[in-house]
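Heads up: the sequence lines are chains A and B, in that order. Using our numbering, the first residue of the first sequence is number 1, and each one after it goes up by one. Using our numbering, the first residue of the second sequence is number 1001, and each one after it goes up by one.
Take these hints with a grain of salt, some might be off.
[What the hints assert, rightly or not] Using 27 Å as the maximum straight-line C-alpha spacing, the simulated DSS-like pairs for lysine-lysine come out as follows:
(1) A/Lys217 / B/Lys1090
(2) A/Lys218 / B/Lys1094
(3) A/Lys198 / A/Lys217
(4) B/Lys1090 / A/Lys218
Quick caveat, the hints were computed from the structure, so don't treat them as lab data.
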Amino acid sequence: MNAICTSCQTVFRVDPAKVPVAGVRARCSVCNGVFWVRRPEPVVPVPAVRVEAPVATAPPVVPRAAQPVLRTPAIGPPVVAPPVAERAMPPAPAISFAPPAAPPAQRPAVPPSQAPASTPAPPPRAPVAPAFAPPPGLGLPAARPTPTVSAVAPLPAPPARPVVKPRMNPFMSQDPAAKARRLARALISDMVVYHPAKRREGLQNGSLKTLFDEEIKKSWEEYVDQVGREAAESTPFFHEALNEILADGRAIFP
Amino acid sequence: MSLINYASREINCKLVYYGPGLGGKTTNLEYIYEKVSPSSKGKMISLATETERTLFFDFLPVDLGTIRGFKTRFHLYTVPGQVYYNASRKLILKGVDGVVFVADSQIERMEANVESMQNLYDNLLQHGYDLTKIPFAIQYNKRDLPNSSSLEELQENLNPGWPVEDPARQKPLANPDRPSDMLVEQVEGTWIERAPYFEAVAVRGDGVFDTLRSISKLVLKTLG
Chain A
1 MNAICTSCQT VFRVDPAKVP VAGVRARCSV CNGVFWVRRP EPVVPVPAVR VEAPVATAPP
61 VVPRAAQPVL RTPAIGPPVV APPVAERAMP PAPAISFAPP AAPPAQRPAV PPSQAPASTP
121 APPPRAPVAP AFAPPPGLGL PAARPTPTVS AVAPLPAPPA RPVVKPRMNP FMSQDPAAKA
181 RRLARALISD MVVYHPAKRR EGLQNGSLKT LFDEEIKKSW EEYVDQVGRE AAESTPFFHE
241 ALNEILADGR AIFP
Chain B
1001 MSLINYASRE INCKLVYYGP GLGGKTTNLE YIYEKVSPSS KGKMISLATE TERTLFFDFL
1061 PVDLGTIRGF KTRFHLYTVP GQVYYNASRK LILKGVDGVV FVADSQIERM EANVESMQNL
1121 YDNLLQHGYD LTKIPFAIQY NKRDLPNSSS LEELQENLNP GWPVEDPARQ KPLANPDRPS
1181 DMLVEQVEGT WIERAPYFEA VAVRGDGVFD TLRSISKLVL KTLG
């Protein structure tokens, strides 16, 4: 069966026999995100919404055609509709996993370096080393509220590369590290374009740190908020961006 | 979330100008405000910082004519572009009918463009919208600057396209406003669709109304 990380969409091959009946939480070896893995039903009736979703986490979009309409002159006369129509927001996304029987055919062309989407999936017990192992003794009930991350056992680094589905549009799925790096650089790039005079002064007087103290704090908070404290503190992206972009290549920010 | 008021015979649509900081979103609205006749526009509201940078949003209501007795009023919004104002951006996107992404063509702002585009995809998704399925246009602004990225580079980074799943739509489709620009085409055996794009120099008004015309047409099409 396949398990998909809900944070970075990486697909892992999992032996269903190792998944407890009640499901198990697992930590993604790529982005460290925690997500649920559930055992598939013996006979899988595939829900239509899951098969139709172009991306596993994409929520349903408001079907415009089904909403109260008003025709334009080129199309036809006005349609009788309720006096005031307001579009309702669709429900929040709830899809976490691709069903085991879901075909990968909706994926675009495959980069040569990756496993092709159309390649038949190996049998469940194929000797493919799983990229993660479900932590033992954590068969939690499905209805349990969001558990704490600390309850999840740290997982060893994967011996094999995960099966990554090819994606045509990089904005629909991102490598968390690349995303964090780009976010850091964009935050610092903003400082440069919004405060060019202050930066010049800071570079000349060596007072860059003091002058940009507030902006750096605000940016760091946003960075932590978006990538998570652990990822923010364990990667050098933010300080690299400060030195490279704000300090013009000087190692001012340790 | 366009509002159709049958009593007052009005359609209200929400357009959001999105993009990196200092990319020209407010400049777009200011140019539109300057050129639209007083009878067709409301008051432009700008919540800006003391240095004239957008703090929360700009707002401009514009009437774009009448369709079968219904007055079409577009509410134009901008968002603050600076990365750390994400909470405001998310809020402003709520109930959006169409999005214009105003990219800054300067080479040194490419990463900020890509970050902002990713942020747009992510924030829309959190509201339950898929950018590939709502009216969306891209404006490459500041085309007059000498340090601009090439159009190909901008398209590759910001408008990579998405697969066309519906077989009925798997046929070449040109941008009606610019036939040389293909909105749907086959690339290496896969049908892909891209957002319509426009080159602009917003401070001069170049491309500003082309962009507005395109996005408003796309929004009106969804109502029909």
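Here is how each hint holds up against the structure:
Restraint check for lysine 217 of chain A and lysine 1090 of chain B: the C-alpha separation of about 21 Å stays at or below 27 Å, so the hint holds. Only pairs whose Cα atoms come within 27 Å are accepted, and lysine 218 of chain A paired with lysine 1094 of chain B is accepted, the gap being roughly 24 Å. Of the pairs offered as hints, the one joining lysine 198 of chain A and lysine 217 of chain A holds, with about 16 Å between alpha carbons and a cut-off of 27 Å not exceeded. Using a Cα cut-off of 27 Å, the hinted pair lysine 1090 of chain B and lysine 218 of chain A holds, with the two alpha carbons roughly 18 Å apart.
No hint from the list above goes unmet by this structure.
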